[in-house]
Each structure stands twice: as structure tokens, then as C-alpha cells.
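Novice: Turn these sequences into a full structure, and let the hints guide you.
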Amino acid sequence: MTKLKILITGPFSSGKTTFVNALSDIATVQTEERVWGEDAKIKQATTVGLDFGKIQISSDVQIYLFGTPGQDRFEFIWEDMITGSHGLVVLLDRSDWRSVMQTKKFIDFYTSRTAMPMVVVANKSDLEDILPLEFIQAYLDADPSIGFVEASGKDKSSARRVLEDIIIRILE
Amino acid sequence: MIFTGYLDDFDLIDFIRFITTMKKSGVLVITGKKSAKIVLSFGKITGVVVPFEVRNHYKSYIADLKDGYFSLEESHSLNEDEVVPINQDVSEFLLELTRFRKEPSDPKLYEPNMLFELKPISDIGRLTFNVEEWRIIAALSESRTLKELSERLEIGIARLQWMIYSLEQSGLVKRKRPQAQRERMTQNAITEALKRFIGILKGS
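Keeping their order, the protein sequence lines are chains A and B. Just so it is clear: in the first sequence, position 51 is 69 by our numbering, and no numbers are missing. Just so it is clear: in the second sequence, position 6 is 25 by our numbering, and no numbers are missing.
Calculated directly from the structure, the hints in this document are not laboratory data. Small disclaimer: the values here were computed from a predicted structure and weren't measured. It is possible that part of the hints are untrue.
Calculated lysine-lysine pairs in the DSS-like style (CA-CA distance at most 27 angstroms, straight line) [stated by the list, open to error]:
{"no.": "1", "chain 1": "B", "residue 1": "LYS138", "chain 2": "B", "residue 2": "LYS63"}
{"no.": "2", "chain 1": "A", "residue 1": "LYS122", "chain 2": "B", "residue 2": "LYS138"}
{"no.": "3", "chain 1": "B", "residue 1": "LYS214", "chain 2": "A", "residue 2": "LYS122"}
{"no.": "4", "chain 1": "A", "residue 1": "LYS23", "chain 2": "A", "residue 2": "LYS123"}
{"no.": "5", "chain 1": "B", "residue 1": "LYS56", "chain 2": "B", "residue 2": "LYS121"}
{"no.": "6", "chain 1": "A", "residue 1": "LYS172", "chain 2": "B", "residue 2": "LYS166"}
Simulated DEER-style distance windows between Cβ atoms [as the list claims (entries may be wrong)]:
{"no.": "7", "chain 1": "B", "residue 1": "VAL102", "chain 2": "A", "residue 2": "ALA133", "range": "24 to 30 angstroms"}
{"no.": "8", "chain 1": "B", "residue 1": "ARG74", "chain 2": "A", "residue 2": "ALA133", "range": "46 to 52 angstroms"}
{"no.": "9", "chain 1": "B", "residue 1": "PRO139", "chain 2": "A", "residue 2": "ALA133", "range": "18 to 24 angstroms"}
{"no.": "10", "chain 1": "A", "residue 1": "ALA133", "chain 2": "B", "residue 2": "ILE143", "range": "44 to 50 angstroms"}
{"no.": "11", "chain 1": "A", "residue 1": "ILE100", "chain 2": "B", "residue 2": "GLU211", "range": "51 to 57 angstroms"}
{"no.": "12", "chain 1": "B", "residue 1": "LYS121", "chain 2": "A", "residue 2": "GLU146", "range": "22 to 28 angstroms"}
{"no.": "13", "chain 1": "B", "residue 1": "SER94", "chain 2": "A", "residue 2": "LEU151", "range": "25 to 31 angstroms"}
Quick look at which bits of chain B chain A covers, simulated, 3 or more residues with Cβ under 8 angstroms [claimed, not checked]:
{"no.": "14", "segment": "30-38"}
{"no.": "15", "segment": "84-93"}
{"no.": "16", "segment": "129-140"}
In this text, a Cβ means the ideal position worked out from N, Cα and C, and glycines have one as well.
Specialist: Quick look at the structure:
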């Protein structure tokens, strides 16, 4: 059995768990804990270990999706999860400027550590009052080898387009 | 969208670069132990308001703002007499602010093997750099690791980290991806299965 491992990362509340849920063939494994303090105003629970989902694409090939925790106190996990990965999807919440600023840290982190194919996803594009794509791209100013797409992780077909993009980059 | 937050969570220089990239207009009001206002017009910094006694060294004063609440207010009335006018490129203004900083806010992100390169900025010759900054910029005409730069320029890694950080915060330098060969999908069965899967996705 061959396994293709794709990391789903990005800042707190960027939609990683929803994204893994939208794509996985199996009931996803989640490690959510209740949120306290300032972050609780944004959402009630957050990933503290990892989210795990699986897509069976043929009898002998599976795609494993690993969602990382978003808060930077889990930075040690981000580094460990690079090992053995084939592709990286970085999600950001384009309805929240904080998320866009924090995404720069994620891109810098992974850009400095791995040459694996990477796609940045301007997620939650279905929401109102979102930041324009061209300004987000200008601010992030990511390496040209990194893809940039917009999506809404709640929409399964939108999540699939992102998966398609990262797989094409892995195959190239 | 409301642009408010605390300087404990966001570095002021990073935030200024963010809102200038977003071509925002308005007044960035910072209130805390020390207060200041930064006037923006379509992504350009056109003025600052600081206490009268620090008007002559407003850049070091602003660079030193590390706590407090900030808010970008689109309709904020100002007394024009209070405003110190600024007619300077944003990158140069931010670079000057970083020069007043004593240490990087996030030095752990820098490791000796990280690659850096100069951003393609057409009017870089118009900006004012000190000798050390020019040497780094010249050496970065080709991408180099921090370690290579240190050896070439004979500048200690710690000093170089700080200077690169300043140039990066100012939007002049960026990190480059490593060129290491990545593992290729050479197994035909996997490649074929993935291609079929892409076909299924495209068809759905």
C-alpha cells in the first residue's frame, strides 16, 4: 500500500479541520479541546494534536491528510510533521486580517525548511467583507513555486479543487 | 473590516507594512503608555502625530512602541498643526524604524542555512542605506544562506540576523525556498492512480 501524505496547515481558525472533514472518505480523527481566553471569542474548540483524514484512490494508493494545530505554541509539531510529507496546503481565513498576517509566518516557516510542493489557499471566500486576493498575494509575496488559490473549505467541490492542485504539483 | 489589535500580538512595523500593502487610508491610532498616530493615504505614510517633546526624534519614539492598543480609523479628524509631514518611501521609513530597534522580535525563525534573496525592487537606488546594508544588498544579488553571507561579508551571524530581519521587515528582502531535490513520484502505479484520481475530481 502506497501512502501520499499531505499536510494541511495554517493559522488558528483558518478552516483546517473543516477542510480535512470535507475531503476525507472516513470519519476524521480529531484532537479538539475547548478554547479558553481571547481565542474563545473566535471559536469554541481547537485542534491540539492533529486532524487525520484518508482518501482511498485505488486498491493500493491512499492519500493521508494531516491537519496541524494552528497556534504557534505547537510549532514543534509543524516541524515534526514535515518528515515523509509529499505536499503542503496552507490555509488562511481571508475574512480576518490577523489570519493573513499570521500566514506569513507559516509560509516563512515551511519555505525555510522544505522544498515540497506547496499551495496557499485563501479560504472562507464565501464570506462577506473579505480581503482582496491581489493584496493578500502582494503582502505574502511567496516564492513563485508556491501556488495560490481561493476556496471555501465548507464546499466539498472547492476543497477538491485544492486537493487537485496540490496533487498536480506533486506529480510535476 | 475592522483593523484593531494589541501590540503584544502584532509587531507595529509588520502591521504598518500590512496596511500599506493593502493600500489603506486613514489614521492608525496607537494608545497605551505611549501614544502616536500614523496618517495613511492609499498605502503611503503621509504624516505622524507624536507628543510635542518627541517631534524631533519621532522615528525612534514610534519604533519603541511595543505595547498598547491600535486601531485603524478611516474617519479620524486631526489637527493639521500636530501632524509631522512625511514624504518618504514606505520601505525606507520602515527600515529607519527597524534601525532604532535593539533586537529582533522573533530571532528563532532564523537559522544559518536559511536562504535569502533581494526582492525585485526597481527603485532600490533611490533608497538610503548605510554601508553595512549596502554590502548585504549587493551580496544578495544572488540568493545566499545566512551562513554564506556571514562568511562573505565577515559579519557575525547574530549581527547579520538582525540586519536581514530589518531588511525583511521593510519589505526589501525575502526568504527563498531551498533547492534540495524533492522525492519524485517515480512509481508508475502511483502516478497513474493519482492521474486517474485527478480525472475523477475534474469530472465531479
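Novice: Take the hints in turn and mark each one as holding or not.
Specialist: Status of each hint after checking the structure:
1. At most 27 angstroms may separate the alpha-carbon atoms for a hinted pair to count; B:LYS138 and B:LYS63 meet this at roughly 19 angstroms.
2. A hinted pair counts as satisfied when its Cα atoms are at most 27 angstroms apart, and A:LYS122 with B:LYS138 qualifies at roughly 16 angstroms.
3. Straight-line distance between C-alpha atoms of B:LYS214 and A:LYS122 comes to about 31 angstroms, which puts the hinted pair past the 27 angstroms bound.
4. Proximity of A:LYS23 to A:LYS123 is assessed by CA-CA distance (about 22 angstroms); at most 27 angstroms being required, the pair is judged to hold.
5. Only pairs whose Cα atoms come within 27 angstroms are accepted, and B:LYS56 paired with B:LYS121 is accepted, the gap being roughly 22 angstroms.
6. Only pairs whose Cα atoms come within 27 angstroms are accepted, and A:LYS172 paired with B:LYS166 is rejected, the gap being roughly 44 angstroms.
7. For B:VAL102 and A:ALA133, the hinted distance range of 24 to 30 angstroms is not satisfied, since their beta carbons lie about 48 angstroms from each other.
8. The hint said 46 to 52 angstroms for the Cβ distance between B:ARG74 and A:ALA133, and at roughly 49 angstroms that hint holds.
9. In this structure, B:PRO139 and A:ALA133 meet the distance hint of 18 to 24 angstroms, their C-beta atoms being roughly 21 angstroms apart.
10. Take A:ALA133 and B:ILE143: their Cβ atoms lie about 28 angstroms apart, and the range 44 to 50 angstroms is violated.
11. Against the hinted window of 51 to 57 angstroms, the Cβ-Cβ separation of A:ILE100 and B:GLU211 comes to about 27 angstroms, which falls outside the hint.
12. Our hint of 22 to 28 angstroms for B:LYS121 and A:GLU146 is violated, since their Cβ atoms are close to 42 angstroms apart.
13. Checked against the given bound of 25 to 31 angstroms, the beta carbons of B:SER94 and A:LEU151, roughly 27 angstroms apart, stay inside it.
14. Coverage of the segment 30-38 of chain B by chain A holds. Counting CB-CB distances below 8 angstroms, 4 residues qualify, and the rule asks for three or more.
15. For the segment 84-93 of chain B, the stated coverage by chain A is not satisfied: 0 residues place a CB nearer than 8 angstroms to a CB of that chain, which falls below the threshold of 3.
16. Counting residues of the segment 129-140 of chain B whose CB lies closer than 8 angstroms to any CB of chain A gives 4, so the stated coverage by that chain holds, three being the minimum.
Checked against the numbered hints listed earlier, the structure breaks hints 3, 6, 7, 10, 11, 12 and 15; every other hint is satisfied.
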